[in-house]
Amino acid sequence: MTSGQRLPIRRTAKLFVGGQFPRSESGRSYEVWSGDGRLLAHAARASRKDLRDAIVSARGAFAGWAGKTAYNRGQILYRVAEIMEGRRQQLHDELVDVGAPDPAREVDVAIDRWVWYAGWADKIAQVAGGTNPVAGPYFDFTIPEPTGVVGIVAPTSAPLLGLVSRVAPAIVSGNTVVAIASEAAPLAAVSLAEALATSDVPGGVINLLTGHPSELVPWLAGHMDVNAIDLTGCPPELVADAERAAAENVKRVHRASTDDVFSAAAQHLSEITAFVEFKTVWHPIGA
Amino acid sequence: MTDIERAAPAQPVMPAWEYAAAPESRDIVHLQDRYGLFVGGEFLEPKSGRWFPTIDPSNEETLAEVAEAGDEDVDLAVAAARSAAATWQGLPGSERAKYLYRIARALQERAREFAVLESMNGGKPIKESRDVDLPLAAAHFFYYAGWADKLEYAFPAATPRPLGVAGQVIPWNFPMLMAAWKLAPALAAGNTSVLKPAETTPLTALLLAEVIQQAELPPGAVNIVTGAGTTGAALVAHPDVDKVAFTGSTEVGKIIRRNLAGTGKRLTLELGGKAANIVFEDAPIDQAVEGVVNGIFFNQGHVCCAGSRLLVHEPVFDELVEKLQVRLGTLRVGDPLDKNTDVGAINSRAQLEKIGELVASGLEEGATIYQPECVLPERGFWFAPTLFTGVSQSHRIAREEIFGPVLSILTFRTPEEAVEKANNTPYGLSAGIWTEKGSRILWMAERMRAGVVWANTFNRFDPSSPFGGYKESGFGREGGRHGLEPYLELGAPA
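Going down the list, the sequences are from chains A and B. Note that numbering that gives the first Met the number 0 has the first sequence beginning at 0, numbered continuously upward. Note that numbering that gives the first Met the number 0 has the second sequence beginning at 0, numbered continuously upward.
Okay, chain B solo, but in the shape it has when bound (with noise of 0.2 angstroms):
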């Protein structure tokens, strides 16, 4: 984004802190030349003969060839689980329990390779790879193993079943997450899963995969295949998956539902989002303005709940814009494998491109905008933390999902503009309040047309939580109680 003419930085109120290079060291992964598709509890080489390399975003090199599985090859991993379906539901329900109890397990005792690999082939600081990813992944897996033999007690009058084989296909943004919160209910309710993880970001499923290999499941009760959007479309219409359970763009959401109307499959979609972040004039403002921050620089605002939307109280617009500009001017962008890295790299160049026209917009549009100085590497996808102010409603910036590290910032003068505003999307994933009154809290989470409502906080999620959208945000939810339910046939008790 060279033709962006940057604003002068507000004057920090300390100076800057200098901080030495910590990078996590990168020798505890250790990388195959190529991954092969884990089909049937086996890394198998493509029936397509395809394969494709994948990238560390920070820096461009190829870190391994992946496999492309083609249709032959999404055939034979349907085939597998659909066959370790009746092993895997027969089971009682206290050992596929203790299955998941494992992997649970394994991903604590290999966190920080898992984190370090998440880092590498995804781009995000390895702060937050370490410290939330791989905690929550495996804090997934311990949470739905305890349901796996409680079923009963989750749905009353209702005689749960598995559903058979799930069809999963997850995005880039959280690779390692998105496999837990998509296979732990999966196995836990019974059903046996043929998982996609997205083209860009595949590495970490593929060591889920040793893992999986590790604690013995049965075999095909988890297949991973890797692909592009043709591999994820040739999984979810193919005619024996039961299931298909989808994280990603709306856009890709509407064409799956669409491509499985008249199927009779079941279907959850957890799609994209354009949250409002709304801080009162009572709000604390330090608190707010951390929370501002990492509601949409946490994971470079690669987040389908991002804040990327600020309300903020007009009586207080001036002060929080200042403080934000400070603070932005202490985000650490770089290695995302150094400690101290607060934005890590974009996840690929196409999001680059899609983050650098939408902000192009912006500025076409009028709205004016605000980098802090910031050194960017030379190699690799990166782009700096970014506010627009000045943003109107009908901005693209302030409609359009953007999943990059830009914020738009409105304002309104009393609570009932901030619902107004909040509510004026298409999608409603998740909100943000920001105030020291409890009742305003209240009042405000039931206006909100969202899934999830933070209040004095934001993106934090935990496995008995239950997650998703509202509206073009999508249907079903993952975490909680209500997050077996995608994964189960709730017949009436015979």
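This is chain A alone, in the form it adopts within the complex (with noise of 0.2 angstroms):
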């Protein structure tokens, strides 16, 4: 550094638990390069016990997230597309910083997956609920309704499309989730729980980790008071076991194609069913 350009200020890249950015209980970071080599931080290293901590956010959050209507979490969701709008060229850098291929299209498409998301909000219901013509004097209905809380392993290509994309559909019906981040990019997930802490998400509905998978899928996938798993991003070596571990309280399953995350067909109302439950209510009638 030449004298009298001034000195940055470099960012502590923290978790996101609750909408509280603590580091990691354990103390531990782990490094994170530059795709050209440059030291870009230390970020955090969750543990178990940060996982668990994030678990129980997101269990704090779910009634009252789920109770919201759908409409004002249609605005909500929307309101974190306004926010990253605002954030562009910052996502831009650190795209570029880890040499992701197309970072100025992956900004875009991200954002416009969150109001894609949006939109859907007070549509779930009419689209994939219905009512049905029992045999009987019953009104028979069904209709979406969150799982609970939803553990996500984001895909490690596209560090910011990739999490969006997984987590989006996952909010947008009710859910909330525990995020583990792009493990070699993590910037990514650090800069979305800014935008996100800066929005109307409540704190806890998105809690976002950063770390190293092998550390904390196992966790995720045991964990009692986790309802499904996305396991989109987790590293094949780690899926059998994490669905094995799934079995103990019969969790949902997920994973989703990373063929392309860019196009169109990478957002699909199926990625919002995949984590809804269905309810069939039989009302009586008569007089």
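Please note that the accuracy of each hint is not assured.
What the hints assert, rightly or not - Only part of the chain B face toward chain A is listed, based on derived beta-carbon distances under 8 angstroms:
id: 1; residue: G48
id: 2; residue: A444
id: 3; residue: V451
id: 4; residue: A454
To be clear, the hints were calculated from the coordinates, so they are not data collected in a lab. Beta carbons are placed, not taken as given, at the ideal position from N, Cα and C, and that holds for glycine.
Each of the two chains sits in its own frame; use the hints to bring them together as a complex.
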């Protein structure tokens, strides 16, 4: 650095749990490197305890988030897009740092993906639910409801768009999430967390952890207060064990295609319904 | 359960009616001595060389011998399903529909024969197999027949494609109905199937095989392999099975989930339950009594969605329990083939022992038992309708699925407490709400963490109405448009 030039402030890359930014309780971190070999940050290396804290936060936020009106949830998701729009440059530059192949497009699509899912909030029940013409004096209807706490292992490619593409469809129906970010490129998650913290998403609805998936996935998959796991970004060698662990409380397990996360086909109603339960109600009819 | 002290029965409000025996004739059923495996459209001797007897649980008499499918037999059945897959998928949906309509019609035409056999092999009262199981099974085929050529209307912005070969394992409580729940959507969606009926109740599935032959389905579209847990395990683990559908206990469901880990096979599970049936003080009490009885004594309580935990609003506790006791005294327990019978035989000795063990735990943990005076037949497997009061949420009889005619009664004071107690279980299959207040029905329904909520009724089913669990009661839905999804790949449009 030449004299007279300002020394930039480096950011501490922390976890995002319950709307707060804690360091790992373990005091551990790991080095994050740029594509061209620069040390970008020491990211927090979340521990099992951090994971459990995140799950407790997600569970605590569930009733409030699921209880909001669909219209309200839609606005809150849209608001995330608004906040990210104002941080385009930062998000872009960070993707350049990690050597993302198409950083400008990744930011664009990630923001637009929030908008797309935001619009689903008050349409899921109309498209995926329905009334059932049963033989009998009952008004019989089926409605989608959030399954609860969803654990997400975000894909490693497209660290920003991949994460957004998993989190947005999970929360739009009213689930709360604990997501494990891309191990090699966690700073997109850290920046997303900072956008979320200044949006209207209630604390605990989205919890973002950075660290080593091999240390976290088995515990996420086996945790008895997690209702579902999204293993889209799970390292292949961890998948079978995670699915075995998921059996203990009959978790819903989903793995989305990672073929082309940029394409319009990567956003689909089925990504939302993967984490809803369908409840059928038989209401009596009588004078 | 001779060690149980029977409580003095409450006094009936009117003298009990005497009923003359009214047995349904068994002559309509023509049993063979032995049933082979239904593979590739034919009945084959098992390569395993093993056969096992299947009995009538009401008298323990052997009805027939049934083949036990070994690994090699399962292989052949899966291969038959695989080789039929291209033919079946390749048919226009409208043609697949016609085959399913044929099956539905044949089930209607032969309904009495199926119902009698179902009651003989499973122990359920003929009035239930005749009025519930068979009509619903036929209706299920009829319903899904109509979907076979309309799949593109079922899921927006998707190109639904069949998965291939489905391995389907069903329980003994509704043998024919569960076969229909499994086969109808799988076939409508263009899959072929290997179905394994339960060890104790294989006979109606084998009669269904005959119907499938008569309907001239392409050989191998449906294959039926009989056997016990090892046969089921071989089927679900078979590498050439693309989709597994299981209905049964949560314990076995978890084992299957573990065994399928990492295989990429599609899986749906319909597992156990411990449903709350919630009666508010403003409920129509006499109607609620009937609903509570139906909720737990229908099919001897061998129902995954049975209303096995009765939650009673404190102000009506005494009245409701007294009326229940009187009603229990009028339930007719006995010959499943008798048209007057309300409660039939327990399905198997093993199940009878399990019920006895859990009832004993209720007594040990301090709950109060009530059973009506009731003479049980000497042979066969029987259990008297049973109520427990003084039950706390920690008791095993309030937490574990008994799968028998045993009701645990708890109380609540506020709607919030009812919600809390109803949801205080790892299960989440069904719930019942009894109140005259429509807004309360919907308020409660919204808060039940359960897949099916019945209001002022219980244990109702319809092919158009999706059924399935929350939490440890499983995942996936059967029935309705939603019941197609587990059998389809929903790729985005090309």
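Status of the hints after comparison with the structure:
Proximity of B:G48 to chain A is violated relative to the hint, the smallest CB-CB distance being about 34 angstroms (cut-off 8 angstroms). The closest approach between the C-beta of B:A444 and any C-beta of chain A is roughly 5 angstroms, which is under the 8 angstroms cut-off, so the hint is satisfied. For B:V451, the shortest C-beta to C-beta distance to chain A is roughly 5 angstroms, which falls under 8 angstroms, so the interface hint holds. A cut of 8 angstroms between beta carbons decides the hint on B:A454: the least distance to chain A is about 5 angstroms, and the hint holds.
Of the numbered hints stated above, the single one contradicted by the structure is hint 1.
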